[in-house]
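Undergrad: Chains as they are written, first to last, in my numbering: chain A, 8 to 325; chain B, 318 to 623.
Just so you know, these hints were derived from the structure itself, not from any lab. Each hint should be verified, as a subset may be incorrect.
Here are the computed lysine to aspartate or glutamate pairs in the EDC-like style, where the Cα-Cα straight-line distance is at most 20 angstroms [stated by the list, open to error]: (1) A/K40 / B/E517; (2) A/K97 / A/D182; (3) A/K40 / B/D516; (4) A/K97 / A/D284; (5) A/K97 / A/E13; (6) A/K97 / A/D273; (7) B/K450 / A/D38; (8) B/K450 / A/E26; (9) B/K450 / A/E13; (10) A/K40 / A/E26; (11) A/K318 / A/E13.
Please read these numbers as outputs of a predicted model, since none were measured by experiment.
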Amino acid sequence: MSAISELSKLKTRRARTPEERAAARKEAGRDNKAGYLFLLPWLVGLFAFTLGPMLASLYLSLTDYNLIQTPEFIGLDNYARMLEDARLHKSLQVTFTYVVVGVPAQLALALAIALLLDKGMRGLAFYRSVFYLPSMLGGSVAIALLWRQIFGTGGLVNQVLQLLGIDATTGYVSDPDYALWTLILLHVWTFGSPMVIFLAGLRQIPGMYYEAAALDGANKRKQFVRITLPLLSPIIFFNLVLQLIGAFQSFTQAFIVSNGTGGPSDSTLFYTLYLYDRGWANFQMGYASAMAWLLLVIIGIFTAVNFFAAKYWVFYDD
Amino acid sequence: MTEPTTTERATEPMTEDAADEPMRAPGASRSGSVGRSLLKHVLLIAASLAMIYPLVWMLVSSLRPTEVIFRTPGLWLNELYVDNYIYGWTALARPFDWYIVNSGIVVLGAIAGNLIACSLAAYAFARLRFRLKTLWFAIMLMTIMLPYHVVVVPQYILFNNLDMVNTFLPLVLPKFLATDAFFVFLMVQFIRGIPTELDEAARIDGAGHVRIFGQVLIPLMIPALATTAIFTFIWTWSDFFTSLIYLTSPDMYTVPIALRSFLDATSGSNWGAMFAMSIVSLVPMFLAFLFGQKYLVKGIATTGGK
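The shape of chain A in the complex, shown without the other chains (with noise of 0.2 angstroms):
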């Protein structure tokens, strides 16, 4: 069960009668000290790095604030500022495009390969760690340097393009028509974690549905439609929230490419580069507070709207 049925589910539980509530109050009342005591930690945690500095940036985002001068209270100027920022805008443009193309792509290709996985076949755990391993390094700078001479003048791709007759000189990195797309295709080259949970939620699916299904006379694609498709909603649907989410605060590979200026033409000027370049290139702290708080608006946005669209397409067998 992910986080996110877990949280749905809490939801539902709360109905309760006046009655229960309060013999569930006398009976929450038994480990209240060490309940208390073994979530200190998380509790601590959870108001001096979390809620804490929630609030903090939400008031920050009201101010100007350098670091050195103490903060100056400027009500909605940042706000009102961020509307005509250009390179604001820019920057979000480009992490769209990177989250709406990206983010699709790499899981229609990591359930392309579960589904060619799962079927107890030869080679599977080699296959596996194969498509796996990249997710795990693609994070990293060293990958991200690679991907700077694969795509670069003289790099592998135009090597290879060479070898096949093809005149091929075009700077991928530092052409700002290709730029973003060599980080997208980073992006999908990491498949594998989401592919590994795939794989994981078809096990789950009973064997005796397809078993049912065939001898009903249903083909392949039929039943990959109306049994592996309804059944693995779930997991699609957990994969997609996970994948925005994360998408839209990638930073590293972008830095790494760009050598952090987000270049060549602000192309691949993701939101957190520019985030960074206000608060720690230029100490606008207070600016890069509000933009913080717009990605939380965007992302709760973009949530909100596959949680409510995912009444219409993710099927709960319970």
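Given chain A, put chain B in place with the hints provided.
TA: Chain B alone, transformed into the frame defined by chain A:
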């Protein structure tokens, strides 16, 4: 999402291989002809090659002079050019082992913090009844999905005011306060799969919570703790953003930041040395992956299931 499935998965989630066998209709696998199976393997092998080729090529290229890297897409090595490693190791302000030690300190601290703090919180959530538990649990689940960037600015200001910038504390201290809620959740899932009869038996023997936690549950949680340790290792070792903002003095650089500084130190032109040190940085991750793979797979399968 019936209870038996959850328990079933959580109790034996770490026993490998049995789970590789998918449940399927007997004979379903035989419905595909030999030709189809062959086609499938050809497809998968082609995909594997495409996935892994860049990595192998980087390894091979790290043993080539830079000018050869730029004209050799193949994997054949005429000679082992180890100068890249020798030069790369000493190209920065400190020898590369300095940065490896820095990274090692951060990684070990993060692992210790996550193991201790997350398992404590997980025990409370999985086994104890206390007031507002549902609320805290829901908050914990939501923090898994909270973007780090929303809290990083005030966190930075906090550590800056505490004079902790350019120390490892901002990278390690939060782990001792269970800020990686993902692992709390992973362990909660795992503990739920351990029969409560074991706790009851210990309680009848007079054990308190500390002993039940430390002597009954912790030994049974080894697989979940291993998953946590390996994920923490890989994620912390490759973490770039946190190091980038907190560690600005070259003596404090961790491996990813040191690697990044190759772009400036050699104006991004000494690819041989850069590849060599990249390989050095990937080796520990690769080993962790190789030996910890079953825990990684089981870990994300357990939390990722429906």
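Undergrad: Could you grab the alpha-carbon distance between A/K97 and A/E13 and see if it respects the 20 angstroms cut-off?
TA: Answer violated: A/K97 to A/E13 is near 37 angstroms, above 20 angstroms.
Undergrad: Are B/K450 and A/D38 close enough, with their CA atoms no more than 20 angstroms apart?
TA: OK: B/K450 and A/D38 at ~11 angstroms, within 20 angstroms.
Undergrad: Given the hinted pair B/K450 and A/E26, is their Cα-Cα distance within 20 angstroms?
TA: Holds, because 19 angstroms separates the two Cα atoms, which is no more than 20 angstroms.
Undergrad: Is the hinted pair A/K97 and A/D182 satisfied, with a Cα-Cα distance of at most 20 angstroms?
TA: holds, 16 angstroms
Undergrad: Does B/E517 lie within 20 angstroms of A/K40 when you go C-alpha to C-alpha?
TA: holds, 19 angstroms
Undergrad: Check the hint pairing A/K97 with A/D284 against an upper bound of 20 angstroms on the C-alpha distance.
TA: Roughly 14 angstroms between the alpha carbons, so the hint for A/K97 and A/D284 holds.
Undergrad: Given the hinted pair A/K97 and A/D273, is their alpha-carbon gap at most 20 angstroms?
TA: holds, 7 angstroms
Undergrad: Against the 20 angstroms threshold, does the CA-CA distance of B/K450 and A/E13 hold or violate the hint?
TA: holds, 14 angstroms
Undergrad: Between A/K318 and A/E13, is the straight-line Cα distance small enough, at 20 angstroms or below?
TA: holds, 16 angstroms
Undergrad: Does B/D516 lie within 20 angstroms of A/K40 when you go C-alpha to C-alpha?
TA: Satisfied, since the Cα-Cα distance of roughly 18 angstroms is no more than 20 angstroms.
Undergrad: Please work out if A/K40 and A/E26 have their alpha carbons no farther apart than 20 angstroms.
TA: violated, 24 angstroms
The structure fails hints 5 and 10 (numbered hints given earlier, in ascending order).
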